[in-house]
Amino acid sequence: TQLLEQSPQFLSIQEGENLTVYCNSSSVFSSLQWYRQEPGEGPVLLVTVVTGGEVKKLKRLTFQFGDARKDSSLHITAAQPGDTGLYLCAGAHEEYGNKLVFGAGTILRVKS
Amino acid sequence: NAGVTQTPKFQVLKTGQSMTLQCAQDMNHEYMSWYRQDPGMGLRLIHYSVGAGITDQGEVPNGYNVSRSTTEDFPLRLLSAAPSQTSVYFCASSYSAEGSGNTIYFGEGSWLTVV
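Chains W and R are the protein sequences, given in the same order. For the first sequence, position 108 (counting from the first letter as 1) is numbered 108 according to my numbering, and the numbering increases by one without interruption. For the second sequence, position 63 (counting from the first letter as 1) is numbered 63 according to my numbering, and the numbering increases by one without interruption.
Check each hint, because a few of them may be wrong.
To be verified - Here are the simulated SDA-like cross-link-like pairs (lysine to any residue), alpha carbons at most 20 Å apart as the crow flies:
1) W:K99 - R:V60
2) W:K57 - R:N102
3) W:K99 - R:I54
4) W:K99 - R:V50
5) W:K59 - W:S73
6) R:K14 - R:W111
7) W:K99 - R:R68
8) R:K14 - R:G63
9) W:K70 - W:Y22
10) W:K99 - R:D38
11) W:K99 - R:A52
Stated by the list, open to error - Far from chain W, some chain R residues (derived; all Cβ distances over 12 Å):
12) L13
13) Q22
14) N28
15) E30
16) Y64
17) D73
18) L79
19) A82
20) Q85
21) L112
Hints are computed from structural coordinates only; laboratory data are not their basis. Treat the numbers as computed from the prediction; the structure is a model and nothing was measured. Cβ coordinates follow ideal geometry from the N, Cα and C atoms, glycine included.
With these hints in hand, go ahead and build the complete structure from the sequences.
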């Protein structure tokens, strides 16, 4: 069982559509990060959220940290083919010495 | 900027063979770590180091050794390769501990197949 559950596992949408990816846990995290990974490359950090209820925007991407710091969401507006990739959430958890715990990821494909 | 450099990119090993995955960073980061990535399981921490001469185990350390003789280098050794170690391996570095919210930089990955 993953400490961080991501949903959906796969998402295939048309260019221009909106989408939301979820990262859920029953545990509280001191901070949470979102990464994007393209085939053949390592993950690249998109954002870090640390405060319950925090919302951060990165162009067409909106990240939200749940009030209780147990969950997070990534919303993409008007998806583009360049958004295609694997999206990973990762949380810092006190039980793990504040080292990062990763979710299994959401594979996003945006078709033109 | 080189960032985090891993070698080799691809490797095929026979069961029982040993090998070393090399990792170097040029950002003067104190914190370095090794992860493995398997389908449906995300990234799992193998070993990490908070500075030269200091290493510790992560979530899945069995079958792997590490050392940190310099700030720049953090090699991962497979002592006796097993098919269960077939995976993609990522080295990462950051200014300080990963959970502190610092940016973590990942290498491009090393694809290892054990037959």
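Here's how the hints hold up against the structure:
no. : hint           : in the structure
1   : W:K99 - R:V60  : holds, 13 Å
2   : W:K57 - R:N102 : holds, 18 Å
3   : W:K99 - R:I54  : holds, 16 Å
4   : W:K99 - R:V50  : holds, 11 Å
5   : W:K59 - W:S73  : holds, 15 Å
6   : R:K14 - R:W111 : holds, 14 Å
7   : W:K99 - R:R68  : holds, 19 Å
8   : R:K14 - R:G63  : holds, 15 Å
9   : W:K70 - W:Y22  : holds, 11 Å
10  : W:K99 - R:D38  : holds, 19 Å
11  : W:K99 - R:A52  : holds, 18 Å
12  : L13            : holds, 20 Å
13  : Q22            : holds, 15 Å
14  : N28            : holds, 18 Å
15  : E30            : holds, 14 Å
16  : Y64            : holds, 16 Å
17  : D73            : holds, 18 Å
18  : L79            : holds, 23 Å
19  : A82            : holds, 23 Å
20  : Q85            : holds, 19 Å
21  : L112           : holds, 15 Å
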